[in-house]
Structure formats: structure tokens, C-alpha cells
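Sequences are here, hints too, so could you generate the full structure?
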Amino acid sequence: GNSVTQMEGPVTLSEEAFLTINCTYTATGYPSLFWYVQYPGEGLQLLLKATKADDKGSNKGFEATYRKETTSFHLEKGSVQVSDSAVYFCALRAGANSKLTFGKGITLSVRP
Amino acid sequence: GAGVSQSPSNKVTEKGKDVELRCDPISGHTALYWYRQRLGQGLEFLIYFQGNSAPDKSGLPSDRFSAERTGESVSTLTIQRTQQEDSAVYLCASSLNSGGQKNEKLFFGSGTQLSVL
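Chains as they are written, first to last, in this note's numbering: chain A, 1 to 112; chain B, 1 to 117.
Please keep in mind that the hints were generated in silico from the structure rather than gathered at the bench. Take these hints with a grain of salt, some might be off.
What the hints assert, rightly or not - Dumping the calculated BS3-like pairs for lysine-lysine here, alpha-carbon to alpha-carbon at most 27 Å:
1. B:K11 x A:K68
2. A:K77 x B:K105
3. B:K105 x A:K104
4. A:K104 x A:K60
5. A:K52 x A:K68
6. A:K68 x A:K56
7. A:K60 x B:K105
Being a predicted model, the structure only gives us computed values, none of them experimental.
Shown next, in the form of C-alpha cells:
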């Protein structure tokens, strides 16, 4: 079946540090890949997405590249801010009428 | 409405009681999902409705859990004979899913915090 594996957390960084959050997936066919974010006290919202191999999704300084050869979709940001503190979820959708499968999520805390 | 609406926002119940959670998706959205988020855990898929197709119930943890959807509107998630391990935030999400596009984003509600005492 389809699955998403995220690195274990939590992650604590200082402001302006470089961020990488690993995500790998298992899926049949060619899934679409997503990163969702949940800020404290808020609902989940889409951060970025990529729909085919070598696509790069980007938003708010975050980037993730769809790597089919390594079945990965790692999230990166060059310089994190305190406001980036949140829970980040990697997700995939394998087909048009299939469910969105999430990873376990990882908590990021950025200290000033 | 402007977004996905869930009610109640908080529900405290006694072990053994039945509860019903409601989700109003964004108007026109054909796809509707229920997820569960236990404290400190990730998102656990429960059930997925897509138009008139048979729902994907593969995530329901036991036969105490059931969900219905009226057409392409309101959905209710029912938990019978609640147990303490049912305590969690229950999230509803909807998407337009027009043209069968698999890259469409989900819009999430704020969730219902269920506490079983």
C-alpha cells in the first residue's frame, strides 16, 4: 500500500539556521506529493506540492523537489524564522480518487 | 460557507456514550475526508467520500465508528460506546476534486476535540 515516512522529531533550530526535513514515500504509479503545515492553534494548510518527477514546489521560502529515483520529497529552507515553528506533514495522493496519505508529522521549534 | 466548518469544537463525554461529530464542507467540494489526530501523533486516516462512489472506509479503527454523507454536503462521524482511547482531535477536510485531479489541495476544518472521561 501507499505510505509516507518522515524523520523522527522534534527538531529545534536557532533562527537563520538551515532546515531539512526528510520525507520518503512508497506508492504505486506516480503520486502527487505535498507538504502541509499546522501552526500553533491553527488548522492544517497546504504549504507546497509537486505533481511529477523533478518538479520543485516552493512557498514562503520553503522548497521540496520530487525525486522519483530516491522516492523522496525532502523539505528545505535556507534560513528559518521563529514564525516557522509548527508541525510539518508530508503527504501523497496516488490517484485522482484516492485518499491523501500523511506521514506522522514533525514538530519544528525555532528559537530566537 | 467560506471554509470547512466542524461542530462541536469541543466535546466531553463519558465512556460508553455515543457521540456524533458534524462536518460542513466547502460548497461544491465533492471530496470529503475524516482524519484523527491523537495527542503527539500524526494524522490517522479514517474515511473518504468522493461524489457518489462508495466511500473508502479502510481507516475506520473498529465497527464502533461509522460515517455518513448526504449527497455532496454535510457529513457526520458517529462513534458508539466511546472509549478513552477515542480521545483525539477529529479533523474533516474537503477538496474540489474537479476533473479527477490528484494534485488538488485539501481544506481542513479546525477540528473537534473529543475527550472521553
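- [ ] Kindly indicate which numbered hints from before are broken by the structure, ordering the numbers from low to high.
- [x] 1
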